[in-house]
Structure formats: structure tokens, C-alpha cells
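The listed protein sequences correspond, in order, to chains A and B. Going left to right, the first sequence walks through residues 0 to 149 as numbering that gives the first Met the number 0 numbers them. Going left to right, the second sequence walks through residues 0 to 149 as numbering that gives the first Met the number 0 numbers them.
Hints were generated in silico from the structure; no laboratory data involved. Be careful, since some hints might not be right.
No copy is singled out in the list; a pair is fine if it fits within one copy or between any two copies.
[As the list claims (entries may be wrong)] Think about it this way: if two alpha-carbon atoms lie no more than 20 Å apart in a straight line, the pair counts; the simulated EDC-like pairs of lysine to aspartate or glutamate are:
no., residue 1, residue 2
1, K126, E83
2, K57, E83
3, K126, D87
4, K63, E100
5, K57, E30
6, K134, D40
7, K63, E78
8, K126, D140
9, K134, E30
10, K134, D124
Protein chains: 2
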Amino acid sequence: MTPSQAKHRPVAVERTLEIFSDSWSFAVLQEVFFGVRRFGDFQSNLAISRSVLTRRLKHLVAQKILERRRYSTRPARYEYRLTERGRDMYPIFVAFRQWGERWLDDAESHAGLRLIHRPCEHGLDMKFCCRHCGKEIHASDVHYDLASSA
Amino acid sequence: MTPSQAKHRPVAVERTLEIFSDSWSFAVLQEVFFGVRRFGDFQSNLAISRSVLTRRLKHLVAQKILERRRYSTRPARYEYRLTERGRDMYPIFVAFRQWGERWLDDAESHAGLRLIHRPCEHGLDMKFCCRHCGKEIHASDVHYDLASSA
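Looking at chain A on its own, in the form it has when it is part of the complex (with noise of 0.2 Å):
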């Protein structure tokens, strides 16, 4: 495979799985988007290991995903926040999880947590819409140019 040949691998796909490298990553996401900043709540949501979430958080942060803060000085304690690129992860997030609970018919795959909108009440049913013209959006109405690189 020459270099020109493979300007279609989905290189931004392939570094951006990488961060999710595995399912802990994104259950402890899901926490920091549901509001928990603190790793004892962290630990006691997730059932999880101390030294699974040292690893976790620690990946998060390298990736810029979550940033350490000290929210106390004596004794001295963090909290992890999300980044403004770790909020722009929330798309990603909810699009796995819609696609999850519609088509994996196995109940315990729903895990007992339902995401509701909170402006209407409703569970959250999520459409994907362009910016530009408003419509929703469909794979059949997208096509792809190839830009001028090499």
C-alpha cells in the first residue's frame, strides 16, 4: 500500500477509538457527563477498582479528555473536569449509546439507566441535523469530495 493509496483510512476514526480504548474509559465519561467530578463518586457509581480508575482518569487527562483540578488545599484533593474537547465528546457518547439500546435486544444492555432531556421530559431521542440547512440527516444525502491532497 503506497501513501496516496490510503488516503481513505479513517485515520481521525481509528486515533479517536483509541481513546475509548475500552468500556471503563467510557463509563467513567458518562459519569463526568452525568455531573461527578470526585473519585470516590467515581468509584462508588461504578463499582470499579481504585487502581481501574487511577488508569482510567489517568488516560483521560493524557488524551485532554478530562483535566485534574485541586479543589481543596489541606489536605489536597482534585477533581476532574471536562475539557471543551472532552464536551465535544457527547455526541460520540449518545450516538453509541442510541444505537446500544435499539438494537441490543438483551436487557441487561440497557443496565437500568434511562437519559432524559431535561428542557422537555422526554427520554432522549436524539436526531442528527445539519447546521447549515436543518433538514436531518441521512447516509444517502452525504456524499464525500476528495480534497486536494497528494
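Based on the hints, put chain B in the right spot on chain A.
Below, chain B alone, put in the same frame as chain A:
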């Protein structure tokens, strides 16, 4: 960890991630979303080896994302089409791409490919709206209910 404590573990997400076990599966799916159906076209568009492509197509068929259909009898030839379950993965795919394009500033990550929304001919810029109230969805507007699972 007892089962009842594990209710937050994102089984749906984990199982969905398994389907995209590697970036080539994603690359194949991307081609399908753009209308590619035949083995030879996947192969030349992706510059992928026969054996890697064969494995990925089998994986996607086994996961009921694609289905294999005969389109010619003599010789017997097959093409690959999205199932409804597969078509429904489109938002995941676009959400990943969009995040990667925005945040992975490696020029290579764009891979020379630009998605265009046909109805308005703008570069694809997706927003995520509530199907019920139509508002754009932000993480801070979503909370969760623990359904009455044990």
C-alpha cells in the same frame, strides 16, 4: 463487585465498541455509507488486502451490520448492503469523524476526505437535536433515571 452494584457499567457501549473492533471495519463501513457494495471496489478504494477485507466483511455480516446478496448467477457474484441495523450506525460514524476532524490537528487525520450534505451542498456539520422538542442537545441538559431494575 456484585451485580446490583454494576448497574452503571455501560454494557451497550461495550458491545457496540466490539463491533468496531478495529479501524478497518470502520473504513469498510464508511465506504458502504458512500454507496460501495462490491468486493473489488472496497479493495481498490481502501487499498486493503483481500484477506483483511474478507475478515472485516465477514465480521460485519456476522454482526448483522451488512448483508451479503447475490447479484449475478453465472458467475455467482455477491454484494454487501447495509441492514437497517447497519444504516442506523451512521450517526456514530459521523459523530466520530466530526470529533476527529475538529480535535486531532494532525493534518493526516483528515485523510483528504470531505463530507458534503447534498441538500444544501455545505460541508457536513452535524448538530444533535431532541426528536421531541427540537432543541440542540447539550450534556448539561441531560440527566438520568435509574429504571426499576434490581
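Hints versus structure:
For the homomeric pair K126 and E83, the shortest alpha-carbon distance between copies (16 Å) is at most 20 Å, but the shortest distance inside one copy (22 Å) is not. Taking the closest pair of Cα atoms, K57 and E83 come within 20 Å of each other only inside a single copy of the chain (17 Å); across copies the shortest separation is 38 Å, beyond that limit. In this homomeric assembly, K126 and D87 come within 20 Å of each other (Cα to Cα) both inside a single copy, at 16 Å, and across copies, at 11 Å. Proximity of K63 and E100 under a CA criterion of 20 Å is satisfied inter-copy only: 16 Å between copies versus 28 Å inside one chain copy.
Within a single copy, K57 and E30 get their C-alpha atoms as close as 15 Å, which meets the 20 Å cut-off; across copies the closest is 35 Å, which misses it. Neither within a single protomer nor between protomers do K134 and D40 lie at most 20 Å apart by alpha-carbon distance, with minima of 40 Å and 30 Å respectively. In this assembly of identical chains, the alpha carbons of K63 and E78 lie at most 20 Å apart only when taken from the same copy (14 Å versus 41 Å across copies). With identical chains, the CA atoms of K126 and D140 are at most 20 Å apart both within one copy (15 Å) and between copies (15 Å).
In the homo-oligomer, the alpha carbons of K134 and E30 never lie at most 20 Å apart, since the shortest distance is 31 Å inside one protomer and 23 Å across protomers. In this assembly of identical chains, the alpha carbons of K134 and D124 lie at most 20 Å apart whether taken from the same copy (16 Å) or from different copies (11 Å).
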